[in-house]
Amino acid sequence: MSQAQTSVGHAEKADIFCKDEARVDWHSKALWLLRQKRDRAAAAVPEWEELRTLGSEIKLHTLTHLPQYLEQFEANCQKNGIIVHWAKDGDEHNRIVHEILSKHQVKKLVKSKSMLTEECHLNPYLESKGIEVIDTDLGERIIQLNKQPPSHIVVPAIHLKKEEVGELFHEKIGTEKGASDPTYLTRAARAHLREQFLTADAGMTGVNMAIAEEGAIVVCTNEGNADMGCNLPKLTLHSMGIDKLIPNKEAASVLLRTLARNAIGQLITTYSSFYHGPKPGGEMHVIIVDNGRSEMLKDKLLAESLKCIRCGGCMNTCPVYRRSGGYSYNYFIPGPIGIAVGSKHDDTNTIPWACTLCGSCTYVCPTKVPLHNIIAYQRRLKAEAGKLPYGKAGYMPMVGKLMSSPTLLNCAMSVARFSLRYLPGSMLKPFAGAWGKYRELPKAPASSFEAWYKKNRSK
Amino acid sequence: MKIALFIPCLVNQLLPQVAIATTELLEKLGHDVILPEGQTCCGQPMTNSGCFNEARSTVMKLLNAFKGVECDAIVCPAASCLVAAKENFHEYDNSPEAKAVIDKLYELTEFLHDVAPVDSFPRAFPHKVSLQLSCHGLRMLELANASESMKPGFNKMAALLEKVPGVEILYPEPRDECCGFGGTFAMDEGAVSAKMGNDKAQAHANTGAEYIVGFDPSCLMHLDGLIRRRQLPIEIRHLAQILNDAI
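Listed in order, the protein sequences are those of chains A and B. According to UniProt numbering, the first sequence is numbered sequentially starting from 1. According to UniProt numbering, the second sequence is numbered sequentially starting from 1.
These are calculated hints, taken from the structure and not from any lab test. Just so you know, not all the hints are guaranteed correct.
As the list claims (entries may be wrong) - Cut-off 16 Å, straight-line C-alpha distance, at most; resulting in silico cross-link-like pairs (EDC-like, lysine to aspartate or glutamate):
no.: 1; chain 1: A; residue 1: Lys107; chain 2: A; residue 2: Asp89
no.: 2; chain 1: A; residue 1: Lys455; chain 2: B; residue 2: Glu24
no.: 3; chain 1: A; residue 1: Lys108; chain 2: A; residue 2: Glu127
no.: 4; chain 1: A; residue 1: Lys107; chain 2: A; residue 2: Glu195
no.: 5; chain 1: B; residue 1: Lys151; chain 2: A; residue 2: Glu47
no.: 6; chain 1: A; residue 1: Lys454; chain 2: B; residue 2: Glu97
no.: 7; chain 1: A; residue 1: Lys234; chain 2: A; residue 2: Asp290
no.: 8; chain 1: B; residue 1: Lys128; chain 2: B; residue 2: Glu162
no.: 9; chain 1: A; residue 1: Lys129; chain 2: A; residue 2: Glu99
no.: 10; chain 1: B; residue 1: Lys151; chain 2: A; residue 2: Asp39
no.: 11; chain 1: A; residue 1: Lys172; chain 2: A; residue 2: Glu195
no.: 12; chain 1: A; residue 1: Lys234; chain 2: A; residue 2: Asp201
no.: 13; chain 1: B; residue 1: Lys151; chain 2: A; residue 2: Glu195
no.: 14; chain 1: A; residue 1: Lys454; chain 2: B; residue 2: Glu70
no.: 15; chain 1: A; residue 1: Lys107; chain 2: A; residue 2: Asp201
no.: 16; chain 1: A; residue 1: Lys161; chain 2: A; residue 2: Glu21
no.: 17; chain 1: A; residue 1: Lys103; chain 2: A; residue 2: Asp290
no.: 18; chain 1: A; residue 1: Lys29; chain 2: B; residue 2: Glu173
no.: 19; chain 1: A; residue 1: Lys368; chain 2: A; residue 2: Glu49
no.: 20; chain 1: A; residue 1: Lys88; chain 2: A; residue 2: Asp290
no.: 21; chain 1: B; residue 1: Lys61; chain 2: B; residue 2: Glu24
no.: 22; chain 1: B; residue 1: Lys2; chain 2: B; residue 2: Glu24
no.: 23; chain 1: B; residue 1: Lys67; chain 2: B; residue 2: Glu37
no.: 24; chain 1: A; residue 1: Lys368; chain 2: A; residue 2: Glu50
no.: 25; chain 1: B; residue 1: Lys67; chain 2: B; residue 2: Glu24
no.: 26; chain 1: B; residue 1: Lys61; chain 2: B; residue 2: Glu97
no.: 27; chain 1: B; residue 1: Lys151; chain 2: A; residue 2: Glu50
no.: 28; chain 1: A; residue 1: Lys443; chain 2: B; residue 2: Glu235
no.: 29; chain 1: A; residue 1: Lys455; chain 2: B; residue 2: Glu37
Nothing here was measured: the structure is a model prediction, and the numbers come from that model.
With these hints in hand, go ahead and build the complete structure from the sequences.
In structure tokens:
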């Protein structure tokens with residue numbers, strides 16, 4: 001993906017995003033609105049905190065018994081007539097998908113949002129093989145037409161204003177010039193997508209949950225597009241990470257209660273469909289992908305990030321994400337969960353620091369992924385690998401020396417206090433880095449507390 | 001009680017008025033207050049950056065300053081430093097002496113609310129205050145219920161301030177969003193940090209309060225720098241300063 005290959009760090013990209021303050025305010029407010037809706041929806045469920053605990057336990061239990069649940073899922077899928085494939089990485093996933101599609105001479109594939117296919121870079125791969133791929137979720141279609149990756153996992157086009165969508169639709173699907181009415185644009189998109197569904201040779205979706213006991217998959221959308229894509233063509237494909245497994249329907253009922261509420265404050269996704277097998281005369285394929293997940297499972301803390309059910313709640317609450325935008329993260333999943341699962345893939349090594357460790361994400365998470373702990377841990381992993389950004393590798397040892405020596409620290413701070421008191425601010429600001437660029441320097445006291453204590457309290 | 005003060009470097013060097021207020025307040029409440037020597041920093045700037053090797057000697061220096069000190073509690077008027085000290089002590093030292101220190105660590109609000117509760121503060125502070133619910137105190141020390149949590153609400157800082165006659169408590173909107181200080185975050189991510197801080201400072205000012213009151217000096221110092229740059233009509237005060245004036 002283009003954004004993953006860049007070497008521009010998070011802070012620099014965020015700095016550019018922040019230059020248009022009105023846009024930052026609009027972006028932040030739009031996402032905060034989702035957080036507020038989430039708060040209201042969660043508050044309306046008296047057992048909300050119990051549901052979070054239960055959700056966390058269900059996911060952790062499944063992850064710690066994954067081999068048995070994967071086997072059970074495969075066996076039950078096969079009983080239901082579903083063809084199961086295993087892919088160790090993204091490349092193998094893409095090859096499997098292509099083999100199935102070319103066997104059936106598929107020319108056009110309608111896809112419903114799957115972050116996993118983003119992770120595997122499926123679209124460009126299939127397009128290079130001459131297969132047309134149409135993303136069918138409205139937001140996904142907008143960014144596909146705009147040739148952009150998602151900037152959020154649940155509301156992927158949240159960075160675009162309705163006027164920009166109107167412009168894009170005018171250019172790509174022939175809506176009236178200057179039209180930006182959301183209802184008009186949505187109707188136009190609907191007509192455009194309807195044509196795609198009717199002419200597609202195969203449908204593909206992601207998987208929200210895979211139920212081991214049933215050999216069934218659950219797909220959640222608000223627009224019903226996954227269902228259109230699954231019910232019209234005879235051939236359907238469904239890609240899932242191994243972390244999507246859950247034991248049974250009861251587990252699904254717990255997670256379905258929190259997923260949409262935590263995402264956008266909705267009681268449940270409008271279409272929460274359970275697929276148990278192919279339609280008569282059709283074929284249903286499930287591709288189970290590892291792509292680094294078993295490696296993460298070996299680390300107790302990183303493993304917890306696989307409890308994530310991709311509601312996007314952590315992004316909506318994250319004060320940094322809301323003010324730096326989804327494209328500043330150098331990974332296809334932005335925000336706190338993106339840092340938790342994507343730090344290893346960030347070649348700028350900056351995304352673990354795109355966080356104040358405020359912990360709001362951890363408290364919002366419906367499956368209690370300890371996001372801020374994982375993010376702090378990702379910093380440690382970077383440090384241990386010798387990959388510290390922002391010059392930290394150079395200055396941290398000096399800070400360590402300074403802080404561990406009262407004499408050195410006192411000397412340095414006396415000089416600092418003196419300078420702050422007696423030198424003009426304009427002289428100091430260049431030395432005070434980012435602090436002085438945006439803030440007034442601290443008002444310095446005459447002496448330290450220790451000096452006061454010695455003078456006033458020493459017996 | 002016999003209380004050993006844990007005064008982090010930032011408070012010691014740049015905000016001594018917070019430590020002085022803490023000392024005077026605890027003394028007025030009848031406690032015996034001492035300042036063990038040799039404290040510098042909790043190691044947070046380093047451990048928050050992932051640099052655990054670089055933090056070791058600083059953290060051990062602080063821990064050793066408290067080992068063997070005779071006291072009933074170690075009290076700190078800075079929530080995030082207290083959290084860091086607790087976590088870092090665990091990280092580097094498993095000894096019973098370290099555990100004895102860790103078990104006595106309290107943040108000032110926590111101490112005044114849970115350990116040695118105060119019934120009332122006699123002197124009035126007839127002012128509007130906007131509460132700064134800083135993240136580490138909020139979510140890692142549970143000094144108040146975070147707005148994300150659907151557990152029953154509580155707020156230890158508000159509970160203490162409510163005992164001061166005349167105080168009117170207000171909250172910024174959003175109520176407990178991070179101010180964007182985040183230690184080295186303020187340096188590494190300058191633009192986002194400043195935007196978060198400016199939004200927060202404005203939200204505090206929008207309440208019409210005269211003071212922003214909080215339990216974390218570092219967040220307050222960051223907000224202060226932004227407030228003065230933008231000349232907003234509001235000032236920062238640490239909780240210890242308000243309570244000390246009210247007794």
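Taking 16 Å as the top limit, are the C-alpha atoms of lysine 151 (chain B) and glutamate 47 (chain A) close enough? Since the Cα atoms of lysine 151 (chain B) and glutamate 47 (chain A) sit roughly 10 Å apart, the hinted pair holds (cutoff 16 Å).
Hey, lysine 2 (chain B) versus glutamate 24 (chain B), does the alpha-carbon distance stay inside 16 Å? The given pair, whose Cα atoms are some 14 Å apart, holds under the 16 Å limit.
When you check the alpha-carbon spacing of lysine 454 (chain A) and glutamate 70 (chain B), does it fall within 16 Å? With a Cα-Cα distance of about 19 Å, the restraint between lysine 454 (chain A) and glutamate 70 (chain B) is violated, given a limit of 16 Å.
Is the Cα-Cα distance between lysine 67 (chain B) and glutamate 37 (chain B) 16 Å or less? holds (11 Å)
Taken at face value, is the distance from the CA of aspartate 89 (chain A) to the CA of lysine 107 (chain A) at most 16 Å? Outside the cut-off at roughly 24 Å; violated.
16 Å Cα cutoff - pair lysine 454 (chain A), glutamate 97 (chain B): Distance of about 27 Å is beyond 16 Å: violated.
For the pair supplied as a hint, lysine 107 (chain A) and glutamate 195 (chain A), is the alpha-carbon distance within the 16 Å limit? holds (15 Å)
Check whether the Cα positions of lysine 455 (chain A) and glutamate 37 (chain B) lie no farther apart than 16 Å. holds (14 Å)
Given the hint that lysine 234 (chain A) pairs with aspartate 290 (chain A), test it: the Cα-Cα distance must not exceed 16 Å. violated (27 Å)
Given pair status - aspartate 201 (chain A), lysine 107 (chain A), alpha carbons within 16 Å: holds (7 Å)
Does the structure keep lysine 61 (chain B) and glutamate 24 (chain B) at a Cα separation of 16 Å or less? violated (26 Å)
Tell me if the straight-line CA distance from lysine 151 (chain B) to aspartate 39 (chain A) falls inside 16 Å. Distance ~12 Å between lysine 151 (chain B) and aspartate 39 (chain A) Cα, so the pair holds.
Of the hints listed earlier, those the structure fails to meet are numbers 1, 6, 7, 13, 14, 17, 21, 25, in rising order.
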